[in-house]
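Peer 1: Residues per chain, in single letters:
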Amino acid sequence: MQKPIATLRSATGISTGKLAVWWVLASEIVIFGGLLCSYLMHRLGHPEFGDYAAHTNTTLGACNTFVLLTSSYFAVRAHFEAEHGRGPQAAKWLMATIGGALMFLCIKSYEWTHEIREGFTITRNAFWSFYYCAAGLHACHVIGGAIIMGIIAADAAKNRELQRVELVGIYWHFVDVVWIFLFPLLYIAK
Amino acid sequence: MAQPAEEHGHSHEGHDHAHGDDHAHGDHGAGHGGHHEEGFVKKYLWSCDHKMIAKQYMFTGMFMGIIGGFFSYAFRMQMAYPGHNVPGFGVVSPNEYNALITNHGTIMIFWLAMPVLIAAFGNFLIPLMLGCDDMVFPRINRLSYQIFLLSALVLIASWFVPGGGFGGAWTAYPPLSAKAQYNLTPLGSTLWVIAVALEFVAFLLGGINFVTTAMNSRAPGMKMFDIPMVVWMIVIASILFMGSVGPLVAGAVMLVFDQTVGTGFFDPVRGGDPILWQHLFWFFGHPEVYVVLLPAVGIVAEIITVFSRKKLFAYRTVLYTAFGTGILSFFVWAHHQFIAGIDPRMANVFTATTVLISIPIAEMMFVYVATLYGGSIRLTTPMLWALAFIAEFMIGGVTGIFLGASGSDIYFHDTYFVLAHFHYTFVPIAVIAVFAGFTYWFPKMFGKMMNETLGKIHFWGTILPFNGVFIPLFITGMGGDHRRIYNYQNFPELATQELANLRQFATVSLLILLAFQFVFFINLIISLLNGKAAGNNPWRANTLEWTTVSPPPHGNFAQLPTCYRGPYEYSVPGREEDFWPQDQAT
Amino acid sequence: MKTRFAPALFTRSQSHVVACLTSLVLFCVLFCVLFCGACSVAGSAAPTPAGAELFQLCAQCHGPEAGGNRPVNAPSIAGLPQWYLEAQLKKFKSGGRGMHFDDLSGMQMRPMAMSLANDKEISAIAEYVSKLAPTKPATQLTDGDATRGQALFVTCSACHGADAAGMEAMKAPPLNHASDWYLFASLGKFKAGVRGTNPADTSGALMRPMALTLPNEQAMKDVIAYIMTLKK
Amino acid sequence: MIERYIEQVSTYASDIDGLITLIGVIVGFWFVLVEVVFFGLIVAFREKKGVKAQYITGEEKHQKRWIGIPHELVLLCDIVIIIAAVRVWVNVKQTQPPAQETVRIIAQQWAWSFVHPGPDGKLDTADDIKTVDELHVKVNTVYHFKLEARDVLHSFSVPVFRLKQDAIPGRVITGWFKAKRTGVHDIQCVEICGIGHGLMPARILIQTPEEYGTWQAAQAATASK
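The listed protein sequences correspond, in order, to chains A, B, C and D.
Just so we're aligned, residue 1 is where the first sequence starts under my numbering, counting upward by one.
Just so we're aligned, residue 191 is where the second sequence starts under my numbering, counting upward by one.
Just so we're aligned, residue 777 is where the third sequence starts under my numbering, counting upward by one.
Just so we're aligned, residue 1009 is where the fourth sequence starts under my numbering, counting upward by one.
All the pointers check out, no bait thrown in.
Here are the computed lysine-lysine pairs in the DSS-like style, where the Cα-Cα straight-line distance is at most 27 Å:
{"hint": "1", "chain 1": "C", "residue 1": "K912", "chain 2": "C", "residue 2": "K967"}
{"hint": "2", "chain 1": "B", "residue 1": "K413", "chain 2": "A", "residue 2": "K3"}
{"hint": "3", "chain 1": "B", "residue 1": "K722", "chain 2": "D", "residue 2": "K1056"}
{"hint": "4", "chain 1": "B", "residue 1": "K646", "chain 2": "D", "residue 2": "K1060"}
Computed list of chain C residues with no C-beta within reach of chain D, every gap over 10 Å:
{"hint": "5", "residue": "T824"}
{"hint": "6", "residue": "E829"}
{"hint": "7", "residue": "E841"}
{"hint": "8", "residue": "N845"}
{"hint": "9", "residue": "R846"}
{"hint": "10", "residue": "Y904"}
{"hint": "11", "residue": "D919"}
{"hint": "12", "residue": "D921"}
{"hint": "13", "residue": "A922"}
{"hint": "14", "residue": "R924"}
{"hint": "15", "residue": "V930"}
{"hint": "16", "residue": "T931"}
{"hint": "17", "residue": "P950"}
{"hint": "18", "residue": "W957"}
{"hint": "19", "residue": "L988"}
{"hint": "20", "residue": "Q994"}
Bear in mind the hints are in silico, worked out from the structure with no lab data behind them.
Ideal placement from N, C-alpha and C gives every residue a C-beta, glycine not left out.
All chains, please: the whole structure from these sequences, using the hints.
Peer 2: Here it is in structure tokens:
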């Protein structure tokens, strides 16, 4: 499938792909924004949420923040390599980013298993419902991002579609930023 | 007039040019240079071509519209003749009645207005009007339609599961929608939410495509204010949609969890809040009105300028009012909740914003009326539809003030007055403007002219009964008829003969309206089979889609056009012709 | 391209005229059919729908087999005798049942009975439900003692019969296929005066003193446990 | 204009109807004006042989006036409407005159239950009078109602009072009314609440204090039996 001419035009001066990624992020921001606003309204109306939040594992949450930030750094490196046309290197850095994503998911599932075992399931109360819902939606984005990065890395290794490395990087930073909002709201605000 | 043979020649020439000019088409061009040789599946079902996707959206939307129309027939018959066997449906029981009204509303907004106005017209017009060969992401475009089709199938499936279709109104307020114990449709309600969520995903993908295409892929020379109004409107609508739907997507996830897993997001007993859903829903739901309105007024702008041979009066003003409406529409949502138990002080703020939104909309209508001044008006079928849009939409607009003003909304909330009001906005949008656009662009879509006589019969047969349906409902609403009641026998004040007569009048009008839609389908079929060849530019219009052959081939233009001027340069003094296509250098 | 488009539209070819005329005739026929259909509907009195059609509404709560649905307080009604169903539906409709402040589940049922237009519809639906095969609802109350219940049941058997199959002459419905949670709730309502105190509910008034003879909840559970053993 | 279709029975019904009339006059004026101009233009500027359309951009000052002036007039009308609407709203929903009587209204799928104070005049005491689908009130008395819902959203509406208020599970919402005429009227549920939504009628009986007293005594008598 060849690209139509439309895709190659750039009246704004920004490449079409990048423009589209920004629009994707804009709509994602509203989705997470809606969810977090709902959570905040509940949080402000229910002081007892603080007690529930005490049962979350802040250490592991902080660990995960660190893991995600590191993987974001790897994504920056991948972009740097791609800019200079070094596809295979970019692919390697992307694989490292995927590694970060997997580590994040592992820690997350360990955390959740523990919490569920202690009886803090999604149906326990509104706090835990929000906790699993928001973190779960975020985790879906992590999984989706990892899969997309895998595909792009496979292309990049053959020096194809290198501009996409930057695009997935932008997306990955967004996923990171969402977590940076989630972490204090769900873990720290006690 | 272009002869068929000539057209054929054109399209071949077109491909040759495309190959020569552009390497992006490159060797692949040879593959679909003979696009008529593509297999049936590739051409009609699995196509990436924006025009085919537009037609898929158009006809899927129309099909769903027929279902929605049938639903309205069934429940209107029940309203007029309660307890009678409705021919073709059977007796309407209370649960079926609820499912019918719920799905009628859902279909008409999400599966008719949205796909036809935004997706179908957007897909068809944006690349053609901007002078490019396709959407920027053709495969995402195809995916968008496929998800949309899937959502439609899920919705249809939801009517046939045990317990029947969801019956909690299209607003789906929890706790009713959240617990099977209350709505008694455990599967139907879940499938309903999933269908709506899938539909949102489809339009998010489509919207990203539209906005990016409009921003990046304009023909050389086309400046911001040279973009035809309908493209602007579809783009603004897409942005509005993207900006407002997010919270409801989150809300839909929460609602599905409430229904299936048993969480308590909207359950007050478990720390949730039922009002939260209303905020999430209407934060989307009110901008949604403008999401479907804006493309409709864009279509009307194209048509009235062409058929009055006039430049659009104050192009920039129209654009600014559209922006103004879009921005204001994010701050009016709580007028749906005046009596829903929100803090009464909030109502004052939302009354102000809601009433003020009348200003940009009124201004837009003034502009359209002013455009007619000094024109040379030709009442063709598309023009009749476009003018009817203005005349009828005005009724919807002014009756909205009664509902936006908190004091009078106390009485009118959830009565038939509300129902008549929003049908006076949605029918002009989703029916009148759609017919306007469809009859106007039909020659470009299919290369044939539609029959004018049948078109006019269909027009009058739709417009007159349409008023016959909803004007009586304003009156029953003022008399206190409230919505979603399947039978008034238990309410002595509503079971009066006068009100019953009005309801019957509305129902009979609806039957006439529906019967006249057959004229449209007959017209559609005979025009497709036997219509007069349209030629490139039958309406002698300026915008770029009319500079290519009808129907445009894969790749749209023989040579991608360059744009020299705005889209509405009609009757320019000193020119012999009364139109001046955007791609003509002189 | 200099030709004006208007003439092109108004000089229709022969085939178009034919097509137009046929379609108009077709349209007129369709229109008349629809319109006459509507008029005939309007003119006639509402016919009584078949019991199966009316039962659709009941099925929402009582289930497609009328086997009951605990979460929405809907008891098993399949195979109950027609006379009993008719009597209860009429009572619900007129307000003899389901009008007490504390009868929350009765208030859910009353509007459903009110949706039935007349006695003919009530008969139709009662007949339909009475012909459904009785179900065997699962036992949900476990802490009753059937042997003690057997002694208590002697009082009941005077009207409901030794096999709890009911007696029309005594206006006593069969109990042997009822859901135990429903029997428990009903006995509770009779005891508390939520049922059987409405002046319009004469048959309920017969049951209320009988329920009062059961001294406490355990006794109610015992007798229900015995009734459940009579389930065939 | 509403009073032609339905009686005004509460004290604030005429305020709301007055607001509706005011809005009706304002928007009616604009509606008629615009439609007359609109159809006038269509008739006046039909296509004529040899007459070319005018070229008007609408971007020049003297042309924009045709939009600008109506625009400002609409703004003025909007402000009038907003002020009038807020005044009515504040009267009906935001301020509550001191209660002379209080009733509790409980909505459930699909019935209304009412708790009237007993002879002692206080709610939530042993002598409360509880009814289903029948609300008894005294005429010319300020009533506060405490609105609750047992399961899903409902909405308490008495059209002759121009009164409407959603009932939300988990909350108690207080509102008020004062009936100015005796009679029996409909109470409706106006928020969809499931399959029985259309079958949730109740009646409000507005009685003279004497009639009400008789009813109250009769109820107290049956309760004590």
